[in-house]
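There are 2 protein chains.
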Amino acid sequence: MRSACRAARYAGKRLGFVPTMGALHEGHLSLVRAARAACAIVTASIFVNPTQFGPNEDLAKYPRSFERDCELLEREGVELLFAPAVGEMYPTADGSAGPMQDQNLADRACPELAEGSVRPTQNTWVTVEGLSDRLDGRSRPGHFRGVATVVAKLFHAVEPDAAFFGQKDAAQVAVIRRMVRDLNLAVKIVVCPIVREADGLAMSSRNAYLDAEQRRRALVLHRSLLRVQELAGAGERDVAKLRVEGREVIAGESSVRLDYFEIVDPDTLEPVADVAGGELVAVAAFVGTMRLIDNILLASG
Amino acid sequence: MRSACRAARYAGKRLGFVPTMGALHEGHLSLVRAARAACAIVTASIFVNPTQFGPNEDLAKYPRSFERDCELLEREGVELLFAPAVGEMYPTADGSAGPMQDQNLADRACPELAEGSVRPTQNTWVTVEGLSDRLDGRSRPGHFRGVATVVAKLFHAVEPDAAFFGQKDAAQVAVIRRMVRDLNLAVKIVVCPIVREADGLAMSSRNAYLDAEQRRRALVLHRSLLRVQELAGAGERDVAKLRVEGREVIAGESSVRLDYFEIVDPDTLEPVADVAGGELVAVAAFVGTMRLIDNILLASG
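Just so you know, the protein sequences line up as chains A and B, in that order. Numbered according to this note's numbering, the first sequence terminates at residue 1373, and the numbering increases by one at each position without gaps. Numbered according to this note's numbering, the second sequence terminates at residue 1373, and the numbering increases by one at each position without gaps.
Hints were generated in silico from the structure; no laboratory data involved. Take the hints with a grain of salt, since some may be wrong.
[As the list claims (entries may be wrong)] Stretch-level coverage of chain A by chain B, calculated; a stretch enters the list once three of its residues show a Cβ under 8 Å from a Cβ in chain B:
| hint | region |
| --- | --- |
| 1 | 1197 to 1209 |
| 2 | 1217 to 1225 |
| 3 | 1228 to 1237 |
| 4 | 1255 to 1267 |
Even glycine gets a Cβ: it sits at the ideal position worked out from N, Cα and C.
Starting from the given sequences, assemble the full structure and let the hints guide the process.
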């Protein structure tokens, strides 16, 4: 992968990179198109990264549609696809490294490797302190350590000029941007808007698991954001009040369980007291067993 | 720095990098010469990295000799020198990031910045678990987090093909090698042998602070290693016995206080039970207030 990417860059071609976990939808394709428009060569990756899933999360049943993903990427003219196996991204020990093995990674996050009794070793972790404990990071301990680490590894394999991420994962965007700045990474982070279904549902690979009734209930996430946007647009500046309004919208939908509803600075993910413009309104909620997220940026200035 | 380095690499020239904290001695210059022999362009950095010093360590009085260092590097034909200010490597917050500031970093590791009431922010840390808690990492908590993080940052600024480190810092070598492997970093790590004074003292920037009497006592570190090497060479395979012998040599020198004397696997830094060949014998001891380290690799096979 590295030599293919370097060949392109050394030939003076700008290299764009779209990292994904596969199960591609229009949101991903919008990233590919943004990369296509800005870069001579577009590369994508498909890797369901075990280290960003918690022990009780949906790693095993995360949707996978590799053949279809390849077709979609080919149709968009993606030149290079990187789809490593888990064992390529997290190689096993060379024998000498026995006691350094990450039991945690082996036993729960990589069941396929643990079963084969070969164990991956990953001693090195990239952590973005502070940010990683907010929003989704608070609900999913260790999630952003896994995200930052795998994105650093992917960046080192691909060495892109620019990488494209979706605003859908707003906390991830903040974590990655901060990591790039803090580690002097030579990559430009481009963030593309959320792509929604006609009825407003934010596109997500996990939507595939919603039945018709859950699908309908899931719309409440977007409705709660629109309500806050509307009130802020009408002049409400008190974040505490806006949060109450947003949470009430969610509470009005039976069998949707709120995880968080926050109004924060989009860079630091810290709560703000007053709306001054540009704040991130972010919501996470369980619809059935499926955890969905959505967000909106308030008009700035 | 990045564009100068890229210009070289894009012209097809192999780029060698020697990261240092300045106060250069023959050990550093041996790294420069190794880089010179292997690479078309040689770049060095001088940066006394505050984040790898503990609160009670010698950051403030770490030796600095920038003008002389520049002369030495120029004489060796180094093409590019990177000597960033602390505030360049650890930029201050942009205002929005107030509560994310690393109080620790600001208040003790960067007194010059804390005094000016501007505070650096560094939320992202690279940690190499396991290895970082052994040998010097056990004696200096947080040290290798600072080392791994700054080396990652320097690598991202320079993007070298190869980087040159001294075997003197054997634990650092293990940490950096592991980081490079775990994070897919595209740099070859080259390790050069310890350079010693005529009487065997391992060269160190900190030797400058030893008075004549301490200088003489400091030779005990090397003597303890030679003793173990001699016994192992004569067939002693029992690591527990070898450790006792090494420690006794140190104990025989008054006013030298042992920190550690260990015989370990050089890659994992884990203790070994028997000498099979290739083990790292490493010692750290205080001579006066100065902490010195030294090591030797046993003959392999």
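Results for each hint:
Only residues whose C-beta sits within less than 8 Å of a C-beta in chain B count toward coverage, and the region 1197 to 1209 of chain A has 7 of them, enough to reach three; the restraint holds. Beta-carbon proximity to chain B at under 8 Å applies to 4 residues in the region 1217 to 1225 of chain A; the threshold of 3 is reached and the given coverage holds. Given as covered by chain B, the region 1228 to 1237 of chain A passes the check, having 3 residues with a CB less than 8 Å from a CB of that chain where 3 are the minimum. Remark: the region 1255 to 1267 of chain A is confirmed as covered by chain B, as 4 of its residues place a Cβ nearer than 8 Å to a Cβ of that chain, reaching the required three.
Going through the hint list in order, the structure satisfies each hint without exception.
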